[in-house]
Amino acid sequence: MQGNSEEHHFAHAARRHYEDADYLLKGTRLSNADHHYGFAVECALKSLLLRFTAVTMDPVKPGGQRAKKPYLPNPNPATNKPARQYGHLPWVATDVALLTHGRSASPLTTALGGLSAFASWSEQHRYLDGSEVVEADVRQRRTVAQNILALHEQALITGRLP
Amino acid sequence: MTLAPRPPGGPVRFADARPRALALAHELAATGVDVLAVRDVLGRFTLLVDDRTHPAPETLARLNADYGPRLTQDLGPYAAERPLLLASELFSADALLDSERAVTDPERPDGRVRVLDNTVVGEDWAHVSTPSSEADGTRTHRTALYGFKGGVGRSTATAVLARHLADAGHLVLVVDLDLESPGVGPLATVDAELPPHGVIDLLVESAVGNAEGLEHVIRTGYTPPTGRGELWVAPARGRGTPGVPYAYVDKLNRAYADVPGADFADRLEQAVRACEDAVARDGDSGRRPDIVLLDSRAGIHDIAAVTISRLCDLALLFGTDNAQTWQGYGDLFAAWLTSGQASAVREKLRMVASMVPDSPQGTYLQSFREHAWECFALLYDDLPAGADEFATDTFSPSLEDDAAPHHPIPILFEPGLVGLDAAATPGWQDRAFVQAAYRDFLPTATLLITADPQQSSEGPR
Numbered sequence: 012m013q014g015n016s017e018e019h020h021f022a023h024a025a026r027r028h029y030e031d032a033d034y035l036l037k038g039t040r041l042s043n044a045d046h047h048y049g050f051a052v053e054c055a056l057k058s059l060l061l062r063f064t065a066v067t068m069d070p071v072k073p074g075g076q077r078a079k080k081p082y083l084p085n086p087n088p089a090t091n092k093p094a095r096q097y098g099h100l101p102w103v104a105t106d107v108a109l110l111t112h113g114r115s116a117s118p119l120t121t122a123l124g125g126l127s128a129f130a131s132w133s134e135q136h137r138y139l140d141g142s143e144v145v146e147a148d149v150r151q152r153r154t155v156a157q158n159i160l161a162l163h164e165q166a167l168i169t170g171r172l173p
Numbered sequence: 496m497t498l499a500p501r502p503p504g505g506p507v508r509f510a511d512a513r514p515r516a517l518a519l520a521h522e523l524a525a526t527g528v529d530v531l532a533v534r535d536v537l538g539r540f541t542l543l544v545d546d547r548t549h550p551a552p553e554t555l556a557r558l559n560a561d562y563g564p565r566l567t568q569d570l571g572p573y574a575a576e577r578p579l580l581l582a583s584e585l586f587s588a589d590a591l592l593d594s595e596r597a598v599t600d601p602e603r604p605d606g607r608v609r610v611l612d613n614t615v616v617g618e619d620w621a622h623v624s625t626p627s628s629e630a631d632g633t634r635t636h637r638t639a640l641y642g643f644k645g646g647v648g649r650s651t652a653t654a655v656l657a658r659h660l661a662d663a664g665h666l667v668l669v670v671d672l673d674l675e676s677p678g679v680g681p682l683a684t685v686d687a688e689l690p691p692h693g694v695i696d697l698l699v700e701s702a703v704g705n706a707e708g709l710e711h712v713i714r715t716g717y718t719p720p721t722g723r724g725e726l727w728v729a730p731a732r733g734r735g736t737p738g739v740p741y742a743y744v745d746k747l748n749r750a751y752a753d754v755p756g757a758d759f760a761d762r763l764e765q766a767v768r769a770c771e772d773a774v775a776r777d778g779d780s781g782r783r784p785d786i787v788l789l790d791s792r793a794g795i796h797d798i799a800a801v802t803i804s805r806l807c808d809l810a811l812l813f814g815t816d817n818a819q820t821w822q823g824y825g826d827l828f829a830a831w832l833t834s835g836q837a838s839a840v841r842e843k844l845r846m847v848a849s850m851v852p853d854s855p856q857g858t859y860l861q862s863f864r865e866h867a868w869e870c871f872a873l874l875y876d877d878l879p880a881g882a883d884e885f886a887t888d889t890f891s892p893s894l895e896d897d898a899a900p901h902h903p904i905p906i907l908f909e910p911g912l913v914g915l916d917a918a919a920t921p922g923w924q925d926r927a928f929v930q931a932a933y934r935d936f937l938p939t940a941t942l943l944i945t946a947d948p949q950q951s952s953e954g955p956r
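Chains as they are written, first to last, in our numbering: chain A, 12 to 173; chain B, 496 to 956.
I should point out that these hints are in silico values taken from the structure, not numbers from a laboratory.
Note that the coordinates shown come from a computational prediction; the quantities given were computed from them, not determined experimentally.
Watch out, some of these pointers could steer you wrong.
Per label pair, the in silico range of CB-to-CB distance [claimed, not checked]: (1) A:A147 to B:E707: 35 to 43 Å; (2) A:A65 to B:S594: 23 to 31 Å; (3) B:R508 to A:A130: 44 to 52 Å; (4) B:R547 to A:T120: 28 to 36 Å; (5) B:A525 to A:N87: 54 to 62 Å; (6) B:R776 to A:R150: 43 to 51 Å.
Built from N, CA and C at the ideal position, the CB exists for glycine as well.
Construct the entire structure; sequences and hints are all you get.
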């Protein structure tokens, strides 16, 4: 794996966002802790998608620039429009369904089921006054982030999804 | 230990990486830490230092700076992206360090280095166990019939053996686990119709919790002359339901799935037990089978891995005396050796020389035995120099030992058996040439199958 590949950066960013979120949570700075847990999960999932699926950041058009977001190429080569793009959370189950393939599909589906905890999360919340953030939600999202980052870490060491 | 020699200027290849990674792991461990060498599915290594209970010593303070470049250089493309890690840096170190799949480096069993191998398929080869007794204390004898190469008469032998055991008064169940090329089901069923479902349906339906009510075993039409034994069959493929396509390939393509809480090995084990339970459910006597014959598929395949490593207490290894067969068994035994399973698995194994041709003074069997012995040397203990073979605890049978795993049980080559259409030849098993071909195999196999594995400390039983 190249040191400067996108998946390399996502993997390290996932860890950094998670650690910063923990740091903020310890100081009861809930809103920004919540913000960083969401980005930690987003980065870990993008890293997994880039490593284990057909999702890519290659130029969408031949000779073009590398894509800004990971995307799933369109099965119809005649169109340059990606079949799916991966942006910020929340993601729905179908967004990560690509990862669930082969023998271990079902256990992974269960592990990723926790993503629903981010259904009400939005990166746009960083512009809000923070009154909407409840500690119980943040702690729940922390647990989910921890599970997904652990899954990501395992996948990097063992070379496969659980 | 020194690093494996590297061809000058040549690239690092898959098999070079393991000894090099383990050499460095032992070097790290010498500083007083436990090290887990994790190999990923593509063969890349990560060395994980266990500092969960005691902090790593000062000498490892700069773990990555001091050892990282060397590891990356020695392993080339077989070094992981982050090849050196401290457990304390990880989210999930326990999942790796406490994994049941981690085994002590078999070449240095006294050391502090363990290996955790991750593969795409075949992990069950590396986890040998013997089935436990039933809840009621009875023991079902489960025997696998396996051949590294197909086409050596394994399924025919299974059918003949099953009937012989039923003749001896046993309640016998034959399970066809050769899912990719089912065969023994119809062969052993005699006059009865196959059940509507098969083992394949059990695997597919149980994955969605829908196995209740499947009819996947059938009592065959065979009545032993003694009137006591019974012969049952669980075919891989059932006869199906009228008007519904069987979709065998669609089912097969899903049969190997892991589901939450049960990987494929667990599921195959549950399927075999479900077949045994179904015999008790459907039979007049209400008894479970006391002998189960598992017709495993050929080759180094996951079904065979689970069947031999986990489901059986005796595995009959079929082969003919040729280079491909011994190469294949040699590769398999080498894998058992490096995964630390040699002593656990060898007690289960016994060679069967199938299709033995006429040869003067039994030279064919002699040659077979010598080649088998050379292969089994991988699994046998080295006898310390000057030691008495009988006075030590080592398991090191001599070439001549006729109870040893390498000693072949012969099935004679009989041209009439090749291409025999069993379904169109009622009573084929009673023909004199069939009986002659199996005259050594049947009594010897029966003795091995029905012996209590707990009572013997030496040999396969």
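Going down the list of hints, with the structure as the test:
no.: 1; hint: A:A147 to B:E707: 35 to 43 Å; in the structure: holds, 40 Å
no.: 2; hint: A:A65 to B:S594: 23 to 31 Å; in the structure: holds, 30 Å
no.: 3; hint: B:R508 to A:A130: 44 to 52 Å; in the structure: holds, 48 Å
no.: 4; hint: B:R547 to A:T120: 28 to 36 Å; in the structure: holds, 30 Å
no.: 5; hint: B:A525 to A:N87: 54 to 62 Å; in the structure: holds, 58 Å
no.: 6; hint: B:R776 to A:R150: 43 to 51 Å; in the structure: holds, 49 Å
Checked against the numbered hints above, the structure violates none of them.
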